[in-house]
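The listed protein sequences correspond, in order, to chains V and B.
Read the first sequence against our numbering and you will find it ends at 291, with the numbers running on by one and no gaps.
Read the second sequence against our numbering and you will find it ends at 926, with the numbers running on by one and no gaps.
No lab work stands behind these hints, which were simulated from the structure alone.
All residues carry an ideal CB built from backbone N, CA and C; glycine is no exception.
Any given hint might turn out to be false.
[Claimed, not checked] Covered by chain B, per the in silico footprint, the following chain V stretches (three or more residues, Cβ under 8 Å):
#1 118 to 124
#2 129 to 136
#3 162 to 173
#4 210 to 224
[Unchecked claim] SDA-like cross-link-like pairs, simulated, lysine to any residue; straight-line CA separation at most 20 Å:
#5 653/B / 621/B
#6 619/B / 651/B
#7 179/V / 221/B
#8 220/B / 103/V
#9 253/V / 806/B
#10 254/B / 132/V
#11 758/B / 159/V
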Amino acid sequence: MKKFVSLSFFSLLMLVSFAQSEKYVKAMEKLVPSIDTLWNADQLKDLSNSFERIADAEKTQWLPYYYAALARVNAGYAIMMTGATGADKTDPEGNKAQELITKAEALSQNNSEIFIVKKLIATLMMIGDPMNRYMTYGPAAGEALETAKKLNPENPRVYLQEGADKINTPEQYGGNKEEGKKLIEEAMKKFESFKPESAIHPNWGRGQAQYYLSK
Amino acid sequence: MSAFKINLLLFFFLAVLVIQVNAQVIVSGRVMDKKKPLAGVNVVLKDTYDGATTDSSGRFSFKTSEKGEFVLAVSSVGYKPFEQKIKLEGSPVTVDITLKEEITELSAVIVSAGTFEASDRKKAVAVLDPIDIVTTASANGDITGALKTLPGAQQVGESEGLFVRGGTAGETKTFIDGTLVNNFFYSSVPNIAQFGRFSPFIFKGTVFSTGGYSALYGQALSSALILESIDLPDRTTANVGISVLSGSAGYQHLAKNKKSSWGASYSYTDLWLAFKVIKQRQDYSKVPAYHNADANFRIKTSNTGMLKYYGYFSSNKLAFTTNSIDSLGYKDRFSIGNTNHYHNLHWRESLGKKWKVSAGISYTNNKDDISASMQDNSKTDVVLGGLEFKNFDVDTRGNYFNTKLVFEKRLKGLSAIRFGHELNHTHDKLLYTAYDDQQYPSSIKESIHAAFAESDIYITNGLAAKLGARFEHSSLLDKTNFAPRASLAYKLGKGEQASVAYGVFYQNPERRYLPSSSELTFMKATHYIVQYQKVVNQQSFRAEIFYKKYDNLVKTGAGNGQETAINNNGYGDAKGIEFFWRDKKNIKGVDYWISYSYLDTKRDFLNFPYAIAPNFAAKHTSSLVIKKFVQKWKMNLNTAYNYASGRPYYNIGFDGTGYKFNDRGTIPDYHNVSFAINYLPFIGKQNPKSYAVWVFQVSNIFNFKQTYGYQYSYNGYRKEAIMPTSRMFVFIGCFISFGVDRSDEVINNSLN
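Just chain V, with the same shape it has in the complex:
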């Protein structure tokens, strides 16, 4: 009987933890696709908050912190797209994203995907006050992207960012639409062969790549 109790207790524990991780996956599955479709600052902040709640409850998963940071930095870019430039508008999102990605990195080091988000944050911070920040955030963005590439040369988002930078940068600053498109095409090829580890692992960017190609 003693054996029975302990065994059933054990299976109950297993069940609970299994149920929990299933709950985690389900919750994530519901939210993750939005990262590719939302482009409104308020909705992105809401999405970031949802990921952050999962992250704080789970405590040991890097993915929700990663997505929370990604949604947060995208909210910053969304604010910028509405024409509201200036560090005072975008810095709060950049700083919050930085805080979140630091937590993600503490749970998963040498992660190419995390370096992509770090690149996005550094670029957002730089655009906020380019005159005073190009010497710090400029190289930081470049380094993050290079590190992302070295950690995983097959990561399509590396080429997506490189291409987007080339396309969005004015020509006198080294921007080049043709080169940019080539990089995006490279990204498309990588997307074809890219297999995410699971349904909730990073797999975003195809839509953006197609958008750049159609431009």
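Assemble the complex: chain V is given as a structure, and chain B must be docked to it using the hints.
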């Protein structure tokens, strides 16, 4: 242990799960500040995934299947975290939440009367940062040059230093990482202002206080320039620079673990080429040449600790002749050789329980060999009867040792107390050799011990006070002083605040009027300042009214041909109003600032016959600085206009009974327009490997005639204008910094 029993248990468990899923509770409410709703706030049911983000009216609502007692948590930047227990028992739960503002460095008032903080710290009212300094057209890459475009400082061109609010240059003291710097400028040369020794790029923070500063600083009657050196560099870099004046090279190495760095640099400056092209008023027999080298290391001793060393070495020489004003057909020769080394070691650490310590030691050794003589037309030294005093040698040796120890304890919120000790030990040796080889040595040793304490008291987010006091003992004067300081800041609105400051400041008589046979005491200044400041969204405005009272200023007499201190009977006052406006917002791509100072000051000190407006104080001083970044050309176009109304000038002579005016008047108004172009070819490059900055700079582009004052022949019969060494000056240079790629190191290190 039958399978049935397990299944039963499983069924039971699943049933509970299902029931839980079905019984959802709605939690809703509103998150408010005192009055206004807070949008975008994350409302979290702790340890669950459930929660919501507030909408634009601060409302939130979410469903949860959890049951039992939970904690509802809300946090938002600038507010104290909020937590409340709620019971989920099936019926809807409504929670209205009011967040309390947190006293943070971002939102709280800053006790700022009298100070211009120019640093990268978020809380600072960032007025000027290192990039601003080097891109200010009239600054010539010099820290004090840029500070002269701020209100409070005079446009004095005939000698170096910051003349603040009616004070002499000697009343401004400079501190690096808390400790006093004794030879901030290159050694004085008659009628030619010298540059500061240190590059603006070694400092991350600059605080320029024009009055009412903290009890941590003393021995300065008028102003404190507080410089904070940089911590670890972002990456390993090498740099080279070449210009019409100089060549330089340097290397900074950041360790793989990013916990320590070291660096060294060397520069050689020679004005030969510049003087060849731009005619100088002086006839140089030895064109100024400077060897400068520096070295540093920085070690992160723990998560919160930092040990920094900065060492500087300089050796320079110059010699020139000018037509002698005292005897027609003869020349005055002047030469100076200077060697200086400076070492600064600074350590800071958190001791836990909100205690912090900061300790610094600095040592300076300065050596000047000055020689002056009369020369005839064949450039041979001659001694003329009655003008023997014009042939002399002065050799000075200065050894300066400073320490400072500060403890800080953070109290509730932002409130804090600070206290500590400072020692300034100086030993000046001087050897005066007269024309007849008679030698007059002198030596002055001095130790000033100071103890200080101050507290930052945040009564609310919008009301703060800083109260402090400083106690000093001078071994040379054998006297002590006690200097109370107080300031108060009140927040009027978002980014808007008013402050007042009061303080007593003491300073020893200047070394150059010593030794004295009389008993002397500290000179004293009392400051009263009222300030209004508004900083919002890339725009800042500041207005300040001040009154400064001087007591016990040093009076001098002409004992054995030298001007020496005889008593402390001097006095004076200064009052004025200053405005500052900076706008980075209204005109796209343009950053400009305007400053204006009105100064009304009189003093009786040194050899003044009675209280007069001193020759270093203009009534009206104003600057306009404009910077425009032209994206298309990758260029920074900078221009600056400096104006000062005519300063008084005097020729004061001793007639056997007392000091009298032999001549007096007002010099013409001062105008200067400078223009600079910085070309940044790397801008916009993806991950550039090198950063090149081309600099082209012209000062006094309109060739205004600038007069700084007059000098007189020994008998007062002839006078001559003191003017800049050349009307216009042109500077061309290129500075390249190579970022050494470290991404491999980053990866390798994090894999290990």
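How the hints compare with the structure:
Counting residues of the segment 118 to 124 of chain V whose C-beta lies closer than 8 Å to any C-beta of chain B gives 3; at least three are required, and the coverage claim holds. By the rule of at least three residues with a Cβ nearer than 8 Å to a Cβ of chain B, the coverage given for the segment 129 to 136 of chain V holds, with 4 such residues. With a cut-off of 8 Å between beta carbons, the segment 162 to 173 of chain V has 4 residues touching chain B; three or more are needed, and the interface restraint holds. Counting residues of the segment 210 to 224 of chain V whose C-beta sits closer than 8 Å to any C-beta of chain B gives 12, which meets the bar of three, so the coverage hint holds.
Note on residue 653/B and residue 621/B: the hinted pairing holds, with a Cα-Cα distance of about 11 Å set against a maximum of 20 Å. For the proposed pair residue 619/B and residue 651/B, the alpha carbon gap of about 11 Å is at most 20 Å, so the pair holds. Using a Cα cut-off of 20 Å, the hinted pair residue 179/V and residue 221/B holds, with the two alpha carbons roughly 17 Å apart. Restraint check for residue 220/B and residue 103/V: satisfied, since their Cα atoms lie roughly 16 Å apart, inside the 20 Å limit.
Distance hint between residue 253/V and residue 806/B is fulfilled; the C-alpha atoms sit about 17 Å from each other, no more than 20 Å. Of the pairs offered as hints, the one joining residue 254/B and residue 132/V holds, with about 19 Å between alpha carbons and a cut-off of 20 Å not exceeded. In summary, the hint linking residue 758/B to residue 159/V is supported, as the alpha carbons are separated by about 17 Å, within the 20 Å threshold.
The structure shown violates none of the earlier numbered hints.
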